[in-house]
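Sequences listed follow chains A and B, in order. Taking our numbering, the leading residue of the first sequence gets 76, the next gets one more, and so forth. Taking our numbering, the leading residue of the second sequence gets 2, the next gets one more, and so forth.
Mixed in with the good hints, there may be bad ones.
[Stated by the list, open to error] Below 35 Å or equal to it, Euclidean Cα-Cα: the simulated DSBU-like pairs (lysine-lysine) are:
{"id": "1", "chain 1": "A", "residue 1": "166", "chain 2": "A", "residue 2": "116"}
{"id": "2", "chain 1": "A", "residue 1": "189", "chain 2": "B", "residue 2": "171"}
{"id": "3", "chain 1": "B", "residue 1": "115", "chain 2": "B", "residue 2": "171"}
{"id": "4", "chain 1": "B", "residue 1": "171", "chain 2": "A", "residue 2": "111"}
{"id": "5", "chain 1": "B", "residue 1": "224", "chain 2": "B", "residue 2": "115"}
{"id": "6", "chain 1": "B", "residue 1": "76", "chain 2": "B", "residue 2": "252"}
{"id": "7", "chain 1": "B", "residue 1": "171", "chain 2": "A", "residue 2": "166"}
{"id": "8", "chain 1": "A", "residue 1": "189", "chain 2": "A", "residue 2": "116"}
{"id": "9", "chain 1": "A", "residue 1": "111", "chain 2": "B", "residue 2": "76"}
{"id": "10", "chain 1": "A", "residue 1": "111", "chain 2": "B", "residue 2": "140"}
{"id": "11", "chain 1": "A", "residue 1": "166", "chain 2": "B", "residue 2": "140"}
{"id": "12", "chain 1": "B", "residue 1": "97", "chain 2": "A", "residue 2": "189"}
{"id": "13", "chain 1": "A", "residue 1": "166", "chain 2": "B", "residue 2": "58"}
{"id": "14", "chain 1": "B", "residue 1": "131", "chain 2": "B", "residue 2": "224"}
{"id": "15", "chain 1": "A", "residue 1": "166", "chain 2": "B", "residue 2": "76"}
{"id": "16", "chain 1": "B", "residue 1": "230", "chain 2": "A", "residue 2": "116"}
{"id": "17", "chain 1": "A", "residue 1": "189", "chain 2": "B", "residue 2": "140"}
{"id": "18", "chain 1": "B", "residue 1": "252", "chain 2": "A", "residue 2": "189"}
{"id": "19", "chain 1": "B", "residue 1": "224", "chain 2": "B", "residue 2": "252"}
{"id": "20", "chain 1": "B", "residue 1": "58", "chain 2": "B", "residue 2": "252"}
{"id": "21", "chain 1": "B", "residue 1": "171", "chain 2": "B", "residue 2": "224"}
{"id": "22", "chain 1": "B", "residue 1": "58", "chain 2": "B", "residue 2": "171"}
{"id": "23", "chain 1": "B", "residue 1": "131", "chain 2": "B", "residue 2": "58"}
{"id": "24", "chain 1": "B", "residue 1": "76", "chain 2": "B", "residue 2": "140"}
{"id": "25", "chain 1": "B", "residue 1": "140", "chain 2": "B", "residue 2": "115"}
{"id": "26", "chain 1": "A", "residue 1": "111", "chain 2": "B", "residue 2": "224"}
{"id": "27", "chain 1": "B", "residue 1": "252", "chain 2": "A", "residue 2": "116"}
{"id": "28", "chain 1": "B", "residue 1": "171", "chain 2": "B", "residue 2": "252"}
{"id": "29", "chain 1": "B", "residue 1": "230", "chain 2": "A", "residue 2": "189"}
[Unchecked claim] Examples of chain B residues lying across from chain A (beta carbon under 7 Å, computed):
{"id": "30", "residue": "81"}
{"id": "31", "residue": "86"}
{"id": "32", "residue": "232"}
{"id": "33", "residue": "236"}
{"id": "34", "residue": "240"}
{"id": "35", "residue": "248"}
Simulated from the structure, these hints should not be mistaken for lab results. Where a beta carbon is used, it is the ideal one built from N, C-alpha and C, also for glycine.
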Amino acid sequence: MNRRVFGMFAMAAGALLMPSPALAHHGRALIYDTNKETTVKATITEFVWSNPHVQIGIEAVDANGTRLHWLLEASSTGILAERGWSRRSLKAGETVTVTFHPGLRSAPTGDLIKVVFADGRGLQAGILR
Amino acid sequence: MRVRNQFLIALAGLLSVVTFLSGCSSRPAVPAAPQHPDISGVWLGGGKGSWSTTRAKPGTEPDIPYTAWSLERMKGQRPGSGSDSDFENTTDPALKYADPLGFPRQYQHPLKFKIVQTDDYIYQLWEWNKVWRQIPLNKPHSDDPDISWYGESVGKWEGDTLVVDSVGFKDSTWLDGVGHPHSEELHVIERIRRVDPGALQIDFTFEDPVAYTHPWISQHTFKLVPGGKMTEVVTTMSDELHYRERFLQQKPPVPIRR
């Protein structure tokens, strides 16, 4: 098999084998438990429309009945904008249902997956592909 | 009657002469400009971590012909994403120093870019950090191109394919997010083709005799975003350090904007 044919074969095989495209800023696997999803009814405490990641503070009661404050990250402003978000999407004091990958560290952090509002509207946080 | 006939004959002759002269004085027909495919528009790649087409551990990919020089460089790299990542202690210059991604890594960012196409130039405008690239068509490279973050590019059409030739890159940038290195000898050839109305395919050839024993290839496909709005997404060193302070509990080593 010559080099060019091998390259084409490797490219085709790679297209089938490649995992989801890596995120621009950092990988998630070492920071968040990407196999686990946590969903809580939460009160928004802050919404920071920033880069490299939009930051969302929430207060909610965990599965053990303990009131906790989490700091969640989402994608960059541009990626969220493609998903229909804007700097006014969330307001402090608002009650929403939030789903996220919980952090692997002791600090209560999370990687946002989606937000569902009281009226049933939802906003997704991942990269649009 | 005879006078009238002579008048009509003279008039016809005059008209013939005028017609002939007007034909002689008209400018020669200008050949139509070649019609090139329309690759303009807003394009989205969805993000890419490595130019390797395999899932092998960086440094061992069978499709990348490393030299000893580049393997040695790879050993010291700690990417922020990928299978070998160490985000907290990364050596990725785009994270550690908030350096520009450089070229061709800019293509791997998941945000959009826009192509503006004219007869003489192709312009690329990226949302991420508001980066732009200008590609003159049918021009040679400079005699001694500067060394820069995004290099010097020239392009030409070959049928339905735009071929872009780029040289003159700073060797501090990474080729991609997993840390494939390059030297200032890097030479990138892109073959850009609209493979269907909604898809732009770019075939890359990377040549760098310092870092790779022979040229190697990769490919990235982008989908059209009709009416795509170009937004500003700029990240500074302060933004990076602020993020790290909040999410990784890393104390900023320098004062940052808050």
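Results of checking the hints against the structure:
Using a Cα cut-off of 35 Å, the hinted pair residue 166/A and residue 116/A holds, with the two alpha carbons roughly 15 Å apart. Taken as a hint, the residue 189/A and residue 171/B pair is broken in the structure, with Cα atoms around 40 Å apart against an allowance of 35 Å. For the hint linking residue 115/B to residue 171/B, the alpha-carbon distance of about 24 Å falls within 35 Å, and the restraint holds. For the given pair, residue 171/B sits about 41 Å from residue 111/A by alpha-carbon distance, which is inconsistent with the 35 Å threshold.
Straight-line distance between C-alpha atoms of residue 224/B and residue 115/B comes to about 11 Å, which keeps the hinted pair within the 35 Å bound. Between residue 76/B and residue 252/B the alpha-carbon distance is near 27 Å, which keeps this suggested pair within the 35 Å criterion. Under the criterion of a C-alpha separation no larger than 35 Å, the hint pairing residue 171/B with residue 166/A is inconsistent with the structure, at around 44 Å. Distance hint between residue 189/A and residue 116/A is fulfilled; the C-alpha atoms sit about 12 Å from each other, no more than 35 Å.
Taking the CA atoms of residue 111/A and residue 76/B, the gap is near 32 Å; set against the 35 Å cutoff, the hint holds. Distance hint between residue 111/A and residue 140/B is unfulfilled; the C-alpha atoms sit about 54 Å from each other, more than 35 Å. This hinted pair does not check out: residue 166/A and residue 140/B have alpha carbons roughly 53 Å apart, beyond 35 Å. Taking the CA atoms of residue 97/B and residue 189/A, the gap is about 29 Å. The hint holds against a cut of 35 Å.
Using a Cα cut-off of 35 Å, the hinted pair residue 166/A and residue 58/B is violated, with the two alpha carbons roughly 43 Å apart. Using a Cα cut-off of 35 Å, the hinted pair residue 131/B and residue 224/B holds, with the two alpha carbons roughly 20 Å apart. Note on residue 166/A and residue 76/B: the hinted pairing is violated, with a Cα-Cα distance of about 46 Å set against a maximum of 35 Å. For the proposed pair residue 230/B and residue 116/A, the alpha carbon gap of about 33 Å is at most 35 Å, so the pair holds.
A hinted pair counts as satisfied when its Cα atoms are at most 35 Å apart, and residue 189/A with residue 140/B does not qualify at roughly 49 Å. Between the alpha carbons of residue 252/B and residue 189/A the distance comes to roughly 29 Å, so the proposed pair stays at or under 35 Å and holds. As the CA atoms of residue 224/B and residue 252/B are separated by approximately 40 Å, the hinted pair breaks the 35 Å bound. For the proposed pair residue 58/B and residue 252/B, the alpha carbon gap of about 31 Å is at most 35 Å, so the pair holds.
For the hint linking residue 171/B to residue 224/B, the alpha-carbon distance of about 29 Å falls within 35 Å, and the restraint holds. With a C-alpha separation of about 25 Å, the suggested pair residue 58/B and residue 171/B falls inside the 35 Å cut-off, and the hint holds. Between residue 131/B and residue 58/B the CA atoms are separated by roughly 32 Å; this keeps the pair inside 35 Å, and the hint holds. Only pairs whose Cα atoms come within 35 Å are accepted, and residue 76/B paired with residue 140/B is rejected, the gap being roughly 39 Å.
Between residue 140/B and residue 115/B, the direct Cα distance comes to roughly 22 Å. Compliance with the 35 Å bound is thereby established for this hinted pair. With a C-alpha separation of about 31 Å, the suggested pair residue 111/A and residue 224/B falls inside the 35 Å cut-off, and the hint holds. At most 35 Å may separate the alpha-carbon atoms for a hinted pair to count; residue 252/B and residue 116/A meet this at roughly 31 Å. Restraint check for residue 171/B and residue 252/B: satisfied, since their Cα atoms lie roughly 30 Å apart, inside the 35 Å limit.
Annotation: proposed proximity of residue 230/B to residue 189/A holds, straight-line Cα distance about 23 Å (limit 35 Å). Checking residue 81/B against chain A by beta carbon gives a least distance of about 5 Å; that is within 7 Å, so the hint holds. The beta carbon of residue 86/B is positioned within 7 Å of a beta carbon in chain A (closest approach about 4 Å), and the interface hint is therefore held. Against a cut-off of 7 Å between C-beta atoms, the interface hint on residue 232/B holds, since the closest Cβ of chain A lies about 5 Å away.
Evaluation of the residue 236/B hint against chain A yields a held restraint, the C-beta minimum of about 4 Å falling below 7 Å. Checking residue 240/B against chain A: minimum C-beta separation of about 5 Å stays under 7 Å; hint holds. For residue 248/B, the suggested interface contact is upheld, since its CB lies about 6 Å from the closest CB of chain A, less than 7 Å.
The structure does not agree with the numbered hints 2, 4, 7, 10, 11, 13, 15, 17, 19, 24 stated previously, though it agrees with the rest.
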